[in-house]
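Protein chains in written order, with our numbering: chain C, 1 to 292; chain V, 1001 to 1471; chain U, 2001 to 2300.
Check each hint, because a few of them may be wrong.
[As the list claims (entries may be wrong)] Keeping only pairs whose Cα atoms sit at most 30 Å apart, straight-line, the calculated BS3-like set for lysine-lysine is:
id : chain 1 : residue 1 : chain 2 : residue 2
1  : V       : Lys1213   : V       : Lys1188
2  : V       : Lys1081   : V       : Lys1324
3  : V       : Lys1162   : U       : Lys2216
4  : V       : Lys1445   : U       : Lys2216
5  : V       : Lys1215   : C       : Lys55
6  : C       : Lys55     : V       : Lys1324
Hint data in this document are derived by calculation from the structure and do not stem from the laboratory.
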Amino acid sequence: MRERFAVSPTPMLWFRRALLALAVAALVAWTVFPFFWILLTSLKQPLDVIAAPPKIVFTPTAENYGALFIGQQRGLYASARPDFLRFFFNSIVISCGAVGLSLLAGIPASYALARYNFRFKEHLAFLFLSFRFAPFITFLIPLYILFQQTGLYNTYSGLILAYQLISLPFTVWMLRSFFMEIPLEVEEAAKIDGCSWWGVLTRIILPLSLPGMAVTLILGFMFCWNAFNYPLMLAGRQTFPVTVGAIQFISYEQVLWGQMAAASLVAVVPQLILSLFVQKYIVRGLTMGAIR
Amino acid sequence: MMTRSRLLLWVGVFGVAALACLAPMGEAVAGEAAGLAYFQQAKINWRQFEGQKLTIGLNKHPYTESLLPLIPEFEALTGIKVEYLILPENEYGAKLTADLSQQRGEFTVIMAGAMRNWGYVPPGWMVPLDDFLKNPKLTDPAWFKLEDFFPSLIAANKWNGKFAGGTGEGPLWSIPVMSESYILAYRKDLFEQHKIKVPRTYEEMAEAARQVKQKAGIDGLVARGTANFPTIATGYLSGVKSYTDGKWAELDGKMNAQFTDPRVIRFSQIWTDMLRESGPANWANMTWYDGMETFAAGQAGMYPDCDFFAATYEDPKKSKIAGKVGYALLPAGPAGTTYSGLFTWALGMSKATKNKEAAWYFIQWATSPRTLLNATVEYKNYNPSRLSVMNDPRTQKVMGGWGGGEYLKTVQENLKTARIAWVPNPERPRLGDTWARALHEMYFKRLTPEQALQRANDEVNKVFTEIGLRK
Amino acid sequence: MGTQRAPARRREAWLPYLLLAPGLLLLVGMLYPFFLGAYYSLTSYFLQYPHLFRFVWFDNYGKLLQDPLFGISLRFTIGYATVAVALQVILGLGVALLLNSRIAGRGVLRATMLMPLMMPPVITALMWKIMMAATGSGILNYLLSWIGVGPVNWLGSVDFAALSILIIDTWGNLPFVSLILLGGLQSLPYEPYEAALVDGASRWNVFRYITLPLLKPFIVLAATFRVMDALRIFDVIYATTVGGPADATMNLHMRAFWQAFQWYSMGMGMAYAMVLLLLVFIASYVLMGYWKRAAEHTTV
């Protein structure tokens, strides 16, 4: 949907444009500032982190990042470091797996809920949603017990299954909404041309709902990546994701803010890459007109 | 033509060259051998349980940090494979309790200690260590030297299982690896500059805080303030114990809460008034590290809390006030004595452990004199739990330098009267949380100290009745 | 394109169920832990006192109702969720419109909007906690002092603690709402707008009578997810105020967690969790009703 209301420039218009630009600037500043602060913190030495008044100008150091990857064996805090890369890898595996599984199961489910009429439809749709109702502790101890008994504890597959609680309801409902936006006529036309439901799904629906899919994918990925409470209890050292890894910088006698900040920023990188990649699908816009 | 002297010369040269080549290798071998050799001195067969596996759950702490690089050494010594998991204290507690309650045995060697034992021992989740210690096939007492540990710390880890009493008697459940007591860290430079008296009573402390705020422009003191039991456990509880001359306990023999003692009410009033008047604006959500960082940043005049925070205060890389800190006993009660609380982390063993002897080997190795010495000297594990480590010249040099010697003097004095401040009971977190909420209500003047403590009293009584410990 | 269609042909009658099957299978596996949790709420289950375990019917719920903290946390939970979601949806709509239009800097805005979502809530909360420090090292108060606003006791005062949580929560979740609404805006059909252009409708009327109704399903969807999460907000509070000061930020989830993981009283913890669950259920049910009606009306 583009701006189609062209008007001749007036002072009012410039004022509006200025106001909007200001709004954008404020929004960007508000969004970016905490990141800016985390970045600064990750480059600070401990003394600068606690400085009062807070330091915006200081001598930066790379030792926090170095500590993440190289590790220091003597004198300070050896434990989190060698594991950080493994936690990172775990996050990638678990999040991709969880989102992938959710899409696999969610796309057909959303299609059915969007297009078909059948008994219990709304009840089933609501059922999907309802799994996101429960506070995590409702599931945590029972899941913990169950996982221990079935050997799913501390495994990728166990975590990917548990993460469905986070991503599947969301995926189904989001895709349902986007699928419903696609005009029926397009589908009917394809069916008249002889497409089966599978053809319609893969050749019409999916391509047309790309922005929606992109949004669902990336938001789902982020929810999974940022999950903390489930992996804390259901994962062990081999499968901890970065979220649990990042809090390891809280030690008994000190909090290593610099390193925690560095770890958090490094953990953001895959999501950044994914979002840049997905951006163009969101931005592309639906060219409905092209189909007509 | 080879004369004898020439032959001798060649032999000499060749010999020196050979030695020169072998020396570094010899050093390395000697180094590693020296490492294991120390343990081989013990008259036990370290390799008895070769091939077994152990999973260890520990919380994040300098002591546990110190163990990690040494684990390969343990594996080489015993042939036991070790898998470990490290988490911050809160998260560790949750995961550990889940594992213990299900008796899964994922955590074999665990970080326990006096207060935690009270929660873990009654349900039968821990194994007493006495039998291991007495078994000559598993422990060499002359080498391990149990008597080298501070007696008060060993006593703290013994418990006969009776609630509201019984610490110091009964089986030994865990071996202490560090200790902490509570002292008053204060800004010596500011106190001297503005001629403020180092407080010996709590009324003086409130006055000192006031003066710091007025004259130096920073908060008079910081203290923990979140609405949970760690807020109570350190400076506040030590204050209560001192103010009641060490004779009061929060639960009596019949598990009745004792919060409504007039001295406790009076002290709580002094404490919250002092914080409201001269303490930090956001006292109510200050954790231990908020307090420590604020003090280390030079933003407060006093911090009545863990003694070993001095390691941070005195490190110029982490603190702006290195060299400016004084250490004193916490103020005393009316009778003139300070009764500080005591806390100790200790290694214990889960009952669900499948290979208990192997786990004992780990505990013995990890708490041996040399391992603990390494933990303190190289990894800043304070305060040491063994006398030999405390008296080691390297330790003395570092700790002796803090506060120009004041730290060691104060701590040693403190340890004469410091004791575990809580009464053995399995609901310490809940009790402490309720108490901390009462402090909040007093601080924000929603209730008077009497009302707040009465309410806490009733709530705690209800809890103990509910779990069947109180009639 | 609504939910009304001709009745499915016979041979396709089973198709929807087949399509739903994998998803349902995954979730059905979760029913067991759920019922286990619900069962625990009807027992006196203390992790540390296994000998006290027995079925107690609704005793826990009775105790819950008598607990003064229950009333406080219930009010805060509902109040917070209402304010937070309203604020975030309105702001989110504004941001989505901004992102969708042709204004200067929107490329930068688009790139940055996703960023808050990339931070785990725990880390976000810790970072904001440092920024909101009321002692000298807090950057927020420092910046405010430049414009002459006095130091604010963000997390430590009864008055501002809830507001601080709201700020942190909004920072982290506004992008979520904006993105859903942006996706919705992008998928809206052209025809109504072309027609409106032909008719010469004003910008505001276009927004009010075309955009808003068409966008309603997405607004309701975003609101539903936000309501579910706002009612259950936990990580942010746990990392900053822990329910304080003086219970100013105590919500039901925090109570449930406290009972279950601090006091190891599983029965009570699950009871609190079930009450919270009921709350979320009711809110979602109502909102889903809205969604259905909104979705039906967007037939083109």
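Each hint tested on the structure:
A C-alpha spacing of about 15 Å is found between V/Lys1213 and V/Lys1188, which places the hinted pair at or below 30 Å, so the restraint holds. About 47 Å separates the Cα atoms of V/Lys1081 and V/Lys1324, which puts this hinted pair outside 30 Å; it is violated. Restraint check for V/Lys1162 and U/Lys2216: not satisfied, since their Cα atoms lie roughly 64 Å apart, outside the 30 Å limit. About 47 Å separates the Cα atoms of V/Lys1445 and U/Lys2216, which puts this hinted pair outside 30 Å; it is violated.
Restraint check for V/Lys1215 and C/Lys55: the C-alpha separation of about 25 Å stays at or below 30 Å, so the hint holds. Proposed proximity of C/Lys55 and V/Lys1324 is supported: the alpha carbons are some 22 Å apart, at most 30 Å.
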